[in-house]
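Engineer: Could you put together the complete structure from these sequences and hints?
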Amino acid sequence: MTIQPRPSPDPKTVARKVRRDLAVRRTGRFGMWLSPFVVYLFLWVPIIVLVVFSFNDGNSVSVWRGFTTRWYENIFHGTISAGTEAARFQTELLLKALRNSLLVATVATLISSALGTMLSLALARGRFWGRKTLDTLFYLPVVIPDITQGIALAVFFNIVFETVQRLFGVRLVSGFGTIVIAHVAFNVSYVAIVVRARLAGMDPRLEEAGRDLGANHWQTFWRITFPNLLPGVMAGALLAFTLSLDDFVITFFNSGVGTTTLPLFVYGMLKQRVPPEINAISTLMILASIILVGGSLLLQQRGNRDKG
Amino acid sequence: MTRGKVRGDRARAVGMALPATFWLVVFFLLPLVFVAFSSFMSRGPGGQPVSPATLAQYERTFTVFGPVLWRSVGVALFATFISLVLGYPLAFFISRRRSPATRMFLLFLVMLPFWTNFLVRTYALITIMQRDGLLNGLFKSLGVISAPLQMLFTPAAVMVGLVYGYLPFMILPIYASVEALDRRYVEAANDLGANDWTAFWRIIFPLTLPGVIAGSILVFIPAIGAYVTPDLMGGTRGLMIGNLIQGQFGGRGNVPLGSAISMVLLAMVFISVLVYTRWGQREE
Numbered sequence: 001m002t003i004q005p006r007p008s009p010d011p012k013t014v015a016r017k018v019r020r021d022l023a024v025r026r027t028g029r030f031g032m033w034l035s036p037f038v039v040y041l042f043l044w045v046p047i048i049v050l051v052v053f054s055f056n057d058g059n060s061v062s063v064w065r066g067f068t069t070r071w072y073e074n075i076f077h078g079t080i081s082a083g084t085e086a087a088r089f090q091t092e093l094l095l096k097a098l099r100n101s102l103l104v105a106t107v108a109t110l111i112s113s114a115l116g117t118m119l120s121l122a123l124a125r126g127r128f129w130g131r132k133t134l135d136t137l138f139y140l141p142v143v144i145p146d147i148t149q150g151i152a153l154a155v156f157f158n159i160v161f162e163t164v165q166r167l168f169g170v171r172l173v174s175g176f177g178t179i180v181i182a183h184v185a186f187n188v189s190y191v192a193i194v195v196r197a198r199l200a201g202m203d204p205r206l207e208e209a210g211r212d213l214g215a216n217h218w219q220t221f222w223r224i225t226f227p228n229l230l231p232g233v234m235a236g237a238l239l240a241f242t243l244s245l246d247d248f249v250i251t252f253f254n255s256g257v258g259t260t261t262l263p264l265f266v267y268g269m270l271k272q273r274v275p276p277e278i279n280a281i282s283t284l285m286i287l288a289s290i291i292l293v294g295g296s297l298l299l300q301q302r303g304n305r306d307k308g
Numbered sequence: 001m002t003r004g005k006v007r008g009d010r011a012r013a014v015g016m017a018l019p020a021t022f023w024l025v026v027f028f029l030l031p032l033v034f035v036a037f038s039s040f041m042s043r044g045p046g047g048q049p050v051s052p053a054t055l056a057q058y059e060r061t062f063t064v065f066g067p068v069l070w071r072s073v074g075v076a077l078f079a080t081f082i083s084l085v086l087g088y089p090l091a092f093f094i095s096r097r098r099s100p101a102t103r104m105f106l107l108f109l110v111m112l113p114f115w116t117n118f119l120v121r122t123y124a125l126i127t128i129m130q131r132d133g134l135l136n137g138l139f140k141s142l143g144v145i146s147a148p149l150q151m152l153f154t155p156a157a158v159m160v161g162l163v164y165g166y167l168p169f170m171i172l173p174i175y176a177s178v179e180a181l182d183r184r185y186v187e188a189a190n191d192l193g194a195n196d197w198t199a200f201w202r203i204i205f206p207l208t209l210p211g212v213i214a215g216s217i218l219v220f221i222p223a224i225g226a227y228v229t230p231d232l233m234g235g236t237r238g239l240m241i242g243n244l245i246q247g248q249f250g251g252r253g254n255v256p257l258g259s260a261i262s263m264v265l266l267a268m269v270f271i272s273v274l275v276y277t278r279w280g281q282r283e284e
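The listed protein sequences correspond, in order, to chains R and Z.
FYI, in our numbering the residues of the first sequence are 1 to 308.
FYI, in our numbering the residues of the second sequence are 1 to 284.
Please keep in mind that the hints were generated in silico from the structure rather than gathered at the bench.
Please read all numbers here as calculations on a predicted model, not as lab measurements.
Don't be surprised by glycine CBs; every beta carbon is placed ideally from N, CA and C.
A few of these clues could be false.
Heads up, incomplete: computed chain R residues facing chain Z, CB under 10 Å, no partners named [stated by the list, open to error]: (1) GLY28; (2) ALA154; (3) VAL188.
Structural biologist: Put into structure tokens, the structure is as follows:
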């Protein structure tokens with residue numbers, strides 16, 4: 001086989017190709033520069049409008065009628081929607097929902113952090129039968145839609161409550177307990193995943209060194225493993241706390257009658273009569289999440305700096 | 001290591017795994033098993049599952065609710081596609097910034113809206129899109145429309161809501177895979193005469209495909225199981241699978257039918273997970 005020399009290209013075609021390629025490059029550059037504007041506008045304009053109109057002196061969410069802080073004052077003075085008796089009731093419901101949310105999130109976070117950390121340690125360090133299956137099982141709550149988890153748990157609690165009533169004559173109802181159980185069930189996985197990532201980056205020689213120097217398991221864990229793991233545990237706990245505060249769907253199906261959390265309260269407002277204070281309430285919630293996430297990021301950064 | 005020590009280690013590991021495993025099995029797996037069983041039962045007078053066993057619920061799911069089912073798949077797929085079209089260039093843009101601080105800040109700007117309560121974000125979008133909202137006002141003052149557009153309570157509104165809700169899930173994995181891309185491949189392609197278009201489709205896109213697939217699955221799964229977005233933005237024309245399931249629980253419901261629809265939803269999610277584990281992970 002002989003190799004044919006390539007016919008030297010016609011300079012005109014070359015020039016055309018170069019011009020076309022440069023046009024392609026310019027278009028690509030332009031598209032790449034355009035994308036942040038489009039996406040950031042899309043992500044941020046609704047939130048900024050919401051915050052701005054929380055200071056709007058008027059009920060409209062689209063026509064500006066001057067600056068006011070009265071919606072915030074209404075919230076803090078307990079007089080949502082113009083100081084009637086119903087307003088006081090609404091404010092009380094809001095505060096109660098906030099208290100419930102914080103309480104549920106705190107208890108669920110404590111339980112799921114402890115269980116999730118133990119689980120990830122067992123999965124990372126232990127060798128035992130069924131470890132692989134467990135590994136798959138604990139990823140499931142992350143992928144399965146919350147609506148499915150929510151209704152499955154509701155069906156389950158229903159059956160358990162009926163059985164308990166038939167056998168013992170005790171009538172159980174959904175409420176605080178069922179919400180916490182449900183939240184722990186989805187939070188454990190998230191905590192385990194975050195802690196595991198931290199464990200993977202940890203030098204196993206540290207623990208070996210501890211043991212070589214005569215520390216027993218208990219001492220090795222509390223003096224070496226746990227302090228090194230702590231940033232991961234804190235990050236996992238904060239994630240669990242945020243997810244718990246944010247959850248609507250699973251709580252919705254397992255809350256029963258008496259217990260309202262903040263997302264359930266907001267949903268109720270959106271579904272029934274939207275009070276003018278809703279923008280102010282939403283703004284406060286956005287502010288709270290920024291503080292929470294900012295705190296968690298700072299914590300993680302400090303953890304990384306400690307690591308090296 | 002002595003045999004006794006190994007056994008001790010194993011016992012300790014099992015003991016540590018036990019509480020979480022118990023919780024997951026009892027409050028997660030068992031309820032799902034109940035739903036699976038209930039989906040093969042008949043409807044009792046109060047909507048509860050009773051014997052005899054039947055496949056009727058699945059039949060109803062695909063016949064009566066078939067249109068909603070396929071529309072949900074369509075809406076979720078389209079939302080995923082739009083997220084990809086919006087997210088890929090942005091992920092690329094962010095990864096091309098020189099200073100790590102700028103990259104962190106740009107990623108932070110993507111994440112921050114994502115960390116605010118989902119209901120609050122959906123409400124924010126609703127206020128923009130409603131009849132007397134900002135968008136209609138803008139269009140009117142620009143002279144694009146004469147009468148306000150009805151944007152809410154349509155399948156398109158649900159799609160916008162889903163993209164708004166899950167876009168960061170698309171951006172982050174794509175960012176990770178573009179970041180890991182070896183630029184020398186692109187340079188080599190350019191040297192060999194490929195223009196940017198060819199280099200992108202023949203080199204960059206195939207190499208970042210795992211990120212694209214991961215992002216797409218991460219958007220598609222919550223989108224197909226969405227409940228809040230279609231409930232608040234969809235009206236009756238924008239209902240999705242999640243709303244069908246919810247409708248079968250509570251008063252005048254049909255628990256076995258709701259269970260069957262849930263199982264179909266689960267099947268769709270598992271298919272997506274299979275796609276992810278097959279093609280969405282970088283080969284080590």
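Engineer: Identify whether the interface hint at ALA154 of chain R stands, where standing means a beta carbon of chain Z within less than 10 Å of its own.
Structural biologist: Cβ of ALA154 of chain R sits 7 Å from chain Z, so the hint holds.
Engineer: Was the hint right that VAL188 of chain R lines chain Z, CB cutoff 10 Å?
Structural biologist: holds, 5 Å
Engineer: Hint GLY28 of chain R vs chain Z: min CB-CB distance below 10 Å?
Structural biologist: With a closest approach of 5 Å, the GLY28 of chain R hint holds.
When held up to the earlier numbered hints, the structure conflicts with none and fits them all.
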